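S.K.: For reference, the chains in residue letters:
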Amino acid sequence: MLPVLILGALVILFGGGLIFLVSFLGPSKPSAEKSMPYECGLVGVEKRDTKVSVKYYLVAILFILFDIEVIFMYPWAIIYKSNLAEAGTFLFIEMMFFMAILIFGLFYIWKAGALDWE
Amino acid sequence: MPNLSVIANVGLGHYLVLAAIIFCIGIIGVLLRKNIIVMMMSIELMLNAVNLTFVSLSHFMGSAAGQIAVFFIMTIAAAEAAVGLALVVLIFKKYGEVNIKIFERLKG
Amino acid sequence: MGGDAFEVTVNLVKMAVIFLMMVQMVPILVWAERRGSAFIQNRFGPNRVGPLGLTQLLADAVKFIMKEEFVPGKATALLFYAAPVVALIPAALSLAAIPYSVPVHVEAFGEYGPYVFNIQGYEAGLGILFILSVSSLGAYSILMAGYGSANKYSLMGALRASAQMVSYELALSLSVIGVVLIYGTLNLSEIIKLQEGVKFGLPNWGILYQPLGFVLFFSCAFAECNRLPFDLSEAEGELVAGFHTEYGGFKMLLFFMGEYGHMMVASCLATIFYFGGYNIPYCTPTEVLQILETKFASSTVASLLTSLVFLISFLIKVGFFLWLFIWVRWTLPRFRYDQLMNLGWKKMLPWSLFNLILTAAAMLILKG
Amino acid sequence: MFSSYDIVFYLLALFALFSAFGVVTSASPIYSAFFLVLAMMDIACLFVMLGAFFIAGVQLIVYAGAVVVLFVMVLMLFNLHQETEAFSRGTISGMAKLGVTGLLCGILATTLFHFASTAKTIAAEIGPEESTEKLAKLLFSDYLFGFEAISILILVVAVGAVALSQLKGGTHAKS
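Sequence lines, in order, name chains A, B, C and D. Position 47 of the first sequence, counted from 1, bears residue number 47 in my numbering, the numbering being contiguous throughout. Position 102 of the second sequence, counted from 1, bears residue number 102 in my numbering, the numbering being contiguous throughout. Position 168 of the third sequence, counted from 1, bears residue number 168 in my numbering, the numbering being contiguous throughout. Position 8 of the fourth sequence, counted from 1, bears residue number 8 in my numbering, the numbering being contiguous throughout.
Hint data in this document are derived by calculation from the structure and do not stem from the laboratory. Take these hints with a grain of salt, some might be off.
Listed next, the in silico DSS-like pairs over lysine-lysine satisfying Cα-Cα at most 27 Å (straight line) [stated by the list, open to error]:
| id | chain 1 | residue 1 | chain 2 | residue 2 |
| --- | --- | --- | --- | --- |
| 1 | B | K94 | B | K34 |
| 2 | D | K134 | A | K81 |
| 3 | D | K97 | B | K34 |
| 4 | C | K14 | C | K193 |
| 5 | D | K97 | B | K101 |
| 6 | B | K93 | B | K34 |
| 7 | C | K193 | D | K137 |
| 8 | C | K367 | C | K193 |
| 9 | A | K81 | C | K295 |
| 10 | A | K29 | C | K193 |
| 11 | A | K81 | C | K199 |
| 12 | C | K347 | A | K111 |
| 13 | C | K347 | B | K93 |
| 14 | A | K81 | D | K137 |
| 15 | A | K111 | C | K367 |
| 16 | D | K134 | C | K193 |
| 17 | C | K367 | D | K134 |
| 18 | D | K97 | C | K367 |
| 19 | B | K101 | A | K111 |
| 20 | A | K29 | C | K63 |
| 21 | A | K29 | C | K14 |
| 22 | A | K81 | C | K367 |
| 23 | C | K347 | B | K34 |
| 24 | C | K199 | C | K367 |
| 25 | C | K193 | C | K346 |
| 26 | B | K34 | B | K101 |
Computed from a predicted model, the values in this text were never measured in an experiment.
Construct all of the structure, not just a fragment, from the sequences and the given hints.
M.R.: What follows is the structure, given as structure tokens:
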């Protein structure tokens, strides 16, 4: 774990340090136009209430739920091969039951129209 | 020269105290903040502290059962966040705010 | 204590070398991408600066460095600057966990004992889980950039990109579980070792057991890297340039490094899971070592050369996949967003579940 | 006197407390979310120090990679620029809340510390592979019912989430 943290720190130092150093090299001519939000050269229309589809966060919610199910499959996959002889059928049926409910959930979401994007 | 032997040799107690402090920071968040989303984040923080307690006990007592409890807690925390945020989005769509006091208006 | 200091130094040097290699690969890949696209589209591409246009890389780097450094007026400066730096982390951490070749066994000389030198930044015990968990943090740099730039195109691009990454991550991890199921381990080096040898007259590689899994994994990898045909986050016609609309100069370069680093990780993983890692078909590392030991007196030299041979084999395979990334980019048109989401949720996810069930059932019937 | 393990633990603990405070005290909810990610990564590191490698990975994938992404995405959907009332008002009630929390913190810490000094501290050192296998075997034998129940819980949550997020209209739609 320690090497991972050290490498992470190294990368942050590299990126941050270089951004800091490079900022001295370039020119600096700030202007009012430049600091406006870029909208293809047009004067920006400031609209606070940008309408965003609810779908984005629904996708994130569904992702969380399925991600948990997927996470539960990792421990199963690790022990499946080594225990195939003694408990293979048991493990298989266990997981199939789990997956059947998962697939049923997917089917429900599908039919409810949560996966349809216009 | 104060006795440093308690501070050195990190053991179970150190992890438990750390978890307790994080848990209490989470409580402070829930009590003091007004934004529902930040309150939910504080709840996640509290659950994390509980997870830390479970894992440290499981490590120092040599039993994997604590880790399984953590597994289940994580699942339930994620489910709670999913449903909670769905509710928050509904409230926001209706009132345009995510302040906790809006919930007073929710009457059946 | 001396041994520890030596170990720490070696590890630091290894990690620094791997990270710098990743950074250095980026200009080369950009050059390959531009030349390759020109080749595919029957153009010349950059060919003026230096032989084959290779010094174009230097010119580009100078231009990136000399650009003005600025923050848009309404942006959140902290998030705006943090996003490109964070973009580097997942790729750098994952690349350091990948075993590139067989370890080098250094013989004892003088008072120093024998030493095993792994061609790997660090050994992350559960390699697959480590890489998946680190790369799941990749969404943050996108979200930070989208929120920090205070531009509605950036915001929309970031939402799109993260929703897309998240959707394809499911199918990706399900296809990886197929591999874990077959090899019964999460350790990358062990997976490579299990792919040595020959089966049915073919190299004993993962693709023999997981052909469908490979197709799913590789297509999802495109989506995870936000590459064409899945680069909806930066659909120029709709969103200017997606979440990096407001970025320029060196910060843009860091985003590029992160993106190409992601591509390298995906290619390395595809090689390890499905194409035998550093294995060369029809000869195992031990055989190569034995042959080389007869040629050279020192077993250290023989071990070093073996490692080098297998390193080259690994790099050739990875290079092929990187070329595939470039090739696909210039061959296929971009999807529409609804098509993308439909593909992810309604095709990839059910197919990867099917692949998993099929694998488990086949293993149960064949008992191994 | 201080082993490297101790030093790493204290660094991680300090950072955990710092980011936990950040979650609670940042005025902008988006910073709270990013501090929460830092806290979770930190706790994942602590899990690794405790030998729970698999749980650390799950912590990163589920919490940092999914739950907090959802939080950040919802905040971005709302696009709240500044918060009008970040903290609840009232000095007396605030002091009371802080006092109660501090008391609770003290009680918890002393109880746990006392308990910890009496508890046996056997730290079995096993590698990541073995510990994961041990966990998996336990999960798929003794805790099988919980495992299957989780799948039903998730099904219910999925149905609920789809039903709650009325699919028509955006986040700022006027109803």
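S.K.: Hint by hint, note whether the structure agrees.
M.R.: Checked hints:
Using a Cα cut-off of 27 Å, the hinted pair B:K94 and B:K34 holds, with the two alpha carbons roughly 18 Å apart. Among the hinted pairs, D:K134 with A:K81 is consistent with the structure: their alpha-carbon atoms are about 15 Å apart, no more than 27 Å. With a C-alpha separation of about 14 Å, the suggested pairing of D:K97 with B:K34 holds against the 27 Å cut-off. Between the alpha carbons of C:K14 and C:K193 the distance comes to roughly 22 Å, so the proposed pair stays at or under 27 Å and holds.
Annotation: proposed proximity of D:K97 to B:K101 holds, straight-line Cα distance about 18 Å (limit 27 Å). For the proposed pair B:K93 and B:K34, the alpha carbon gap of about 18 Å is at most 27 Å, so the pair holds. At roughly 25 Å between alpha-carbon atoms, C:K193 and D:K137 fall within 27 Å of each other, so this suggested pair holds. Simply put, C:K367 and C:K193 have alpha-carbon atoms about 21 Å apart, close enough for the 27 Å limit, and the pair holds.
A C-alpha spacing of about 41 Å is found between A:K81 and C:K295, which places the hinted pair above 27 Å, so the restraint is violated. Between the alpha carbons of A:K29 and C:K193 the distance comes to roughly 58 Å, so the proposed pair goes past 27 Å and is violated. A hinted pair counts as satisfied when its Cα atoms are at most 27 Å apart, and A:K81 with C:K199 qualifies at roughly 19 Å. Taking the CA atoms of C:K347 and A:K111, the gap is about 15 Å. The hint holds against a cut of 27 Å.
Distance hint between C:K347 and B:K93 is unfulfilled; the C-alpha atoms sit about 32 Å from each other, more than 27 Å. Under the criterion of a C-alpha separation no larger than 27 Å, the hint pairing A:K81 with D:K137 is consistent with the structure, at around 12 Å. With a C-alpha separation of about 37 Å, the suggested pairing of A:K111 with C:K367 is violated against the 27 Å cut-off. Proximity of D:K134 to C:K193 is assessed by CA-CA distance (about 23 Å); at most 27 Å being required, the pair is judged to hold.
For a cut-off of 27 Å, the pair hint linking C:K367 to D:K134 stands: about 22 Å separates their Cα positions. Using a Cα cut-off of 27 Å, the hinted pair D:K97 and C:K367 is violated, with the two alpha carbons roughly 61 Å apart. As the CA atoms of B:K101 and A:K111 are separated by approximately 36 Å, the hinted pair breaks the 27 Å bound. At most 27 Å may separate the alpha-carbon atoms for a hinted pair to count; A:K29 and C:K63 meet this at roughly 17 Å.
Pair hint A:K29 plus C:K14 does not hold up; C-alpha atoms about 41 Å apart against a cutoff of 27 Å. Between A:K81 and C:K367 the alpha-carbon distance is near 9 Å, which keeps this suggested pair within the 27 Å criterion. Taking the CA atoms of C:K347 and B:K34, the gap is near 42 Å; set against the 27 Å cutoff, the hint is violated. Under the criterion of a C-alpha separation no larger than 27 Å, the hint pairing C:K199 with C:K367 is consistent with the structure, at around 17 Å.
Restraint check: the Cα-Cα separation between C:K193 and C:K346 comes to about 35 Å, which exceeds 27 Å; the hinted pair is violated. A distance of roughly 8 Å separates the Cα atoms of B:K34 and B:K101; the hinted pair therefore holds under the 27 Å criterion.
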